[in-house]
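Student: For reference, the chains in residue letters:
2 protein chains.
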Amino acid sequence: MNVLIVSAHPEPRSLTNALRDTAAAQLSADGHTVRVTDLYAINWKSAADRADFPTLAPAQRLRVPQASGEAFATGTLTDDVVQEQEGLLWADALILAFPLWWFSMPAILKGWIDRVYAYGFAYGVGEHSDTRWGDRYGEGRLAGKRAMLIVNAGGWASHYGPRGINGPIDDLLFPIQHGVLFYPGYEVLPPFVTYRADRMDEMGFEATAQALRERMRGLFAEPPIPFRRQNGGDYEIPSMELRPEAAPEHITGFGAHLVPS
Amino acid sequence: MNVLIVSAHPEPRSLTNALRDTAAAQLSADGHTVRVTDLYAINWKSAADRADFPTLAPAQRLRVPQASGEAFATGTLTDDVVQEQEGLLWADALILAFPLWWFSMPAILKGWIDRVYAYGFAYGVGEHSDTRWGDRYGEGRLAGKRAMLIVNAGGWASHYGPRGINGPIDDLLFPIQHGVLFYPGYEVLPPFVTYRADRMDEMGFEATAQALRERMRGLFAEPPIPFRRQNGGDYEIPSMELRPEAAPEHITGFGAHLVPS
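As you go down the protein sequences, you meet chains A and B in turn.
Just so you know, we're using UniProt numbering here: the first sequence kicks off at 1 and counts up by one.
Just so you know, we're using UniProt numbering here: the second sequence kicks off at 1 and counts up by one.
Because the hints were derived from the structure by calculation, they are not lab data.
Take every hint as true, because none was put in to throw you off.
Any copy, or any two copies together, can satisfy a pair, since identical chains are not distinguished.
Straight-line C-alpha distance at most 20 Å; calculated EDC-like pairs for lysine to aspartate or glutamate:
#1 Lys45 with Glu86
#2 Lys45 with Glu11
#3 Lys45 with Asp80
These numbers come from a predicted model, not from an experiment.
So that you can see chain A by itself, here it is in the shape it has in the complex (with noise of 0.2 Å):
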């Protein structure tokens, strides 16, 4: 199976590149095909602005959906974004590596997504009716593929826990796991997420690394987290609210949004 890994720590050798080595390693080690966008190294541009849409006219006010939908419909968004998008169709499983910076990705990575994820590509697909609300949240251009987070935090785990002060990790990254890899398709695979990044020595990256080499022998196996697909009914249209009968009404907030076990 092909591979893409996209990584974003500007240190060579950060936890993170060492982590997305190891995992390319395993990967190839296993037959698959990798490629890395390793997006410090090749300078990536994060903002997305008037210069991703060559052709819209100097006086047109910049609006970012029409503009990038027109662009991706026309092929004239710029090269760097288009060798993006060819690697996404080209992967059946995408890995983003990344530092988890004030509760999120690195800027860089956000501006990987704000540009590669195109109208037309990543959103804005598919028809809107009384029973599909276009396709999305588990349809959608990159369906049947795979996705997963490996993300490398500094604070301890259980300030990541249930009660934890920042949040539940998993909450934390809805908005990635759900909003920005389920939303144009991906079944996406339970985070991998190494706390106290920043202490680690080398007992413990092996341990971390060795953990990591599991998860990629079961890349293509292991099930995914179970949210809820847009269009299979639990969700009312177009209010794209749950229907009391998907889950009870007190059921509300990001776990709502997942399959009961």
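Chain A is fixed; fit chain B onto it per the hints.
Tutor: Showing chain B alone in chain A's frame:
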């Protein structure tokens, strides 16, 4: 009072920038002093990297917290970062105005956080002991100041409701409001969120602008979101988990970190 507004939209005629200007005009009319950082206009550098720490030896491994802390302590952060830090110290209130892209802030604004929030400035502040775990979550360098988000979302309000498919807006914004703003000490006001922002006509804009003017009039009076203070006794140290006395053990998730009303 002094107010810093940081905005992050590439189009001068965008709704984001129009609301930013509406907010600034009302604040000025009420006698406050307003400064604006328009991140696109100043071509803000988004990616935190080696260039941010000019005195780091070329052969030395870049560890961002350490390099950032050293540069902050020795006054060797880059001028653009120092200027924004001075703006944060100058301002009695901070407003971040941005379009919601992929359920978070645009990369350029994330890069402002990643780079301006240096170690020793916004984190790594204060002492750790049996009774305190640094000055954060309600304490810190920016304590005594207020902060608020102005957010424009493309989707419908119901999609961001308690049972909406995107997840509740308050939960989507928690990593920003709690993790980015409350963390270094800000009192955080409820966000000003506009939905279906792309479809807004002139009448819709005037109603929205009027509602925002009201919010600006209350900027220094409105009660903030009642996030629990880290060192106020609600959390175990050092696990930083909610004590059973603070919240019954079945209470988990982002909502657990608000003082019950």
